[in-house]
Amino acid sequence: MVKIGLEIHLQPNTKSKLFCTCSTEGVEPNTKVCQICMGMPGSKPRLNSDAFIAALKLAIAMNCKIHNISYFARKTYFYPDLPKDFQITQYDQPFATEGKLKMKDKEVEITRIHIEEDPASLKHVESKNGAAYVLIDYNRSGTPLCEIVTPPVFTSPAEARAFLEELMKLADYIGIFDAQEGKIRADVNVSIEGHPRVEVKNITSFRDAERAAQFEIIRQESVVARGEQGVTETRSFDQRTGTTDSMRHKETEEEYGYIPEPDLPPLTITDPELNKIIAEMPEPPYQRIARFVKQYKIKEEQAESLMSERALADQFEDVCKKSDPLLAAMWYSYVQKILNFNAVRFDKTGFKDSNMIEFLSLLSSGEVSKRGAELLLRELVIKPEPAKKAAERLGLLALSEAETKSLVEKAIKENPNAVNDVKSGKEKAIQFLVGQVIRASKGRAKEKTVLELLDIALKQ
Amino acid sequence: MSKEIIEEAKKLNEKFNFFITLEAPREGIPIAFKDNICTKGIKTSAGSKILEPYVPPFDATVVERLKAKGFSVLGKTAMDEFGFGTFCVNTFRIPKNPHDPKRSCGGSSGGSAGYIAASKLAKFAIAQSTGGSISAPAAFCGVVGLTPTYGRVSRYGLIDYANSLDKIGVVAKTVRDASKALEIISGPDSRDETCQGAQFKDPPALSKKITIGIPKEWLAQKIDPEVKKAFDEAVKKLQAAGMTVKEISIPSTPYALAAYYIIALAEASTNLAKYCGLRYGATLPLEGGGEFWEYFSKVRGKYFGAEAKRRILLGTFVRMAGYCDKYYIQSQKVRQLLIDDFKKAFKEVDIIAAPTMPIIAPTFDEISKLTPIEEYSMDVLTVPANVAGIPHLSIPCGTAKGMPVGLHLMADHNNDELLVQVGEKYG
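So the sequence lines, in the order shown, correspond to chains U and C.
For the first sequence, my numbering assigns the number 1789 to the last residue and increments by one with no breaks.
For the second sequence, my numbering assigns the number 504 to the last residue and increments by one with no breaks.
Derived from the structure by calculation, the hints contain no laboratory data.
We put the beta carbon where it would ideally sit given N, CA and C, even for glycine.
If you only want the chain U side, here are some residues facing chain C, beta carbon under 10 Å, derived:
1. Met1369
2. Pro1370
3. Arg1375
4. Phe1415
5. Ile1465
6. Tyr1587
7. Ile1588
8. Pro1589
9. Glu1590
10. Pro1591
11. Leu1593
Reference excerpt, derived from the structure (chain U facing chain C, CB under 10 Å, subset only):
12. Met1367
13. Gly1368
14. Pro1409
15. Tyr1585
In the DSS-like style, the derived pairs of lysine-lysine whose C-alpha atoms are separated by at most 30 Å in a straight line are:
16. U:Lys1777 to U:Lys1739
17. U:Lys1623 to U:Lys1650
18. U:Lys1394 to U:Lys1435
19. C:Lys375 to U:Lys1452
20. U:Lys1394 to C:Lys410
21. U:Lys1530 to C:Lys375
22. U:Lys1452 to C:Lys379
23. C:Lys424 to C:Lys410
24. C:Lys305 to C:Lys323
25. C:Lys197 to C:Lys92
26. C:Lys323 to C:Lys306
27. U:Lys1344 to C:Lys117
28. C:Lys313 to C:Lys421
29. C:Lys179 to C:Lys478
30. C:Lys250 to C:Lys197
For reference, chain U alone in the conformation it holds in the complex (with noise of 0.2 Å):
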């Protein structure tokens, strides 16, 4: 039997650092450093509290036991990406534990979740003469990062992975994460039946996670069928040639030599400050798919998809107090196409509840052809705008009625023998006479007014 566990780094979405006020959004290599996040001797850490703040809606999402008193620790260790030759991280009090996360078919158990400090990134530059060398960007240190880890409960590299997209999707949804731009990592470790468990590092997608993995399944496995011993220890993920090597010499926990950290207070948060947390923070995406079925008749797939940005959810609740919850469940479907097509977060859209009411009401009247519609819609999701202004400035506006009129006239002119078949009684044949007529318009007039137009032309 396979046992998969997983240690996932994510980084929320704070504007600055965790101990210090440098922004986490440097591009340019060590230029948003300053003294304390390259652990320059005398400076000192600060806590910032949005880090703490956003660490606890993750924990609160996933149902943790948050603990009002934690404390931070030192773990020490000599690697050239940290600039203190410590981590100031959480130890053996973390601020969260015993959580689960809920998703639609199950439930995953969760150890604990606490914060710490990201290190340097290393650029490792070969160079002309041949010698490989270092290169350390600090911009990347002293970000802060949510360290989650599960128990081995996952029996397969497939079902490791789907739980780092729901977790993904969860940040995203409490708002302390950017799916699309956020930072997430995970060590995976893996055991099979008859093998010591082994973790693998350096490991920087999902999919890479799921790859890892299935790798190291098959390599336990043959270790097991040739008869040797397998051993505990900590390996590296290769991305080039999906295996994994054996690291040389890690740490292990014991080696670390942690204590609680001097310069910092305990990590305190009171029950009414929890609670103030807890009031504004949104629906859980499983219930609140549930809800959607039920309340708004819509089909479970489209109530998940809903679920993919809080913003996308929300706004389809406006919505459905003025306009029909199918329908509007329908085309926002077709918003999710186009976001994707255009690589682009519904958030970042600026298109409103309003812009989406007044759409659904110009199709539902027949202002707008099913086909116009789609042409508008994807006009107004990347460029919002009022939808009849959109509509008219495209074209796309239903033909008046007199336009219509003389475009019937001249259908009838042109079609004598269609109009004899209706006048005789063949119904079918006014179906024809109005594809004329729409085919005439480019789609244009509205089918309910060229009928009665026809009607009452060949009524005459």
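Dock chain C against chain U, hints included.
Chain C only, in chain U's frame:
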């Protein structure tokens, strides 16, 4: 005035080695700072070869606050490497005691205390204590040493020895000078999350009746009889000033020294990890390639002094899994016990008194014969107040064998004002 101060400091430095770096500021009243306090644009080595070339890009909060009041940086004073010592000999610049150049200034704030003792112009200098590094040199040099309650002076910009114990304070000619200086440098600072105490206010003269307690366990320690005699005289003087003196008990005393060294060295061993020749201070050529840890080890091996290496090893050992509970966690329990003992004592008395140091300033020859344990034991009387984080004041109280002796006064947390009032009354 500032010109004279600079000239005098130059001359004294040639004779006694008080300064590691000596500046010639054009503005402000020049003040000496211990070399572990960051000064923007001025070398700050913390007495260590590994940081000798280091120039901080920012001022410590205490430097900022003094500059705002019209002071400037005269220079950076000699100290034991990172504060690791009681005699200011564990460093590359060893200051000499102005009362007898064959003797130590005491440590680790030896340069600051020696300078104040020798100068005719300077009123105070900035010092810092982890386990007694203000009181010890103040006693040995015959000046006033004031160490405030932990958290009343910002540590921002102080190069860490042991963060939960480090306190910035002052050495001064008089208690009043020390008090005025503390008023400037104290008060909350958002850049140090452990600095939450109120600003210290230079207090008016003492008006209430004071009871002084003398811990019997402390007098039972090995104390030079002549030092004890000077202390007894001082107690009489306190009584003559109308204070009541009584014996008290601090039962956890025997464990304080061990607990202190374990906590201090555990923290120190993490603080010193960053000195590896990568970003700060001394470096070595990268020739020959090799792994990063080989380079780190080479730099650390070459530039850390013997005492720093000893403390890193001890500190790393007590943090190791399997030992941490036995040593580090146990020491934190002792620390709490000691605080409880003090709290109990301060229900009975206002001030606790003892000799500051069990000996007078030793000669360099005597120091060279001490084992590390013997050296650590010299802190036995200063460590309890430092571990508990209570304010303490060393005041000159006569001499023994011609050398100054210090009277050590201690008050409860945040009673720094009362401590100063009693000190002033003593005179």
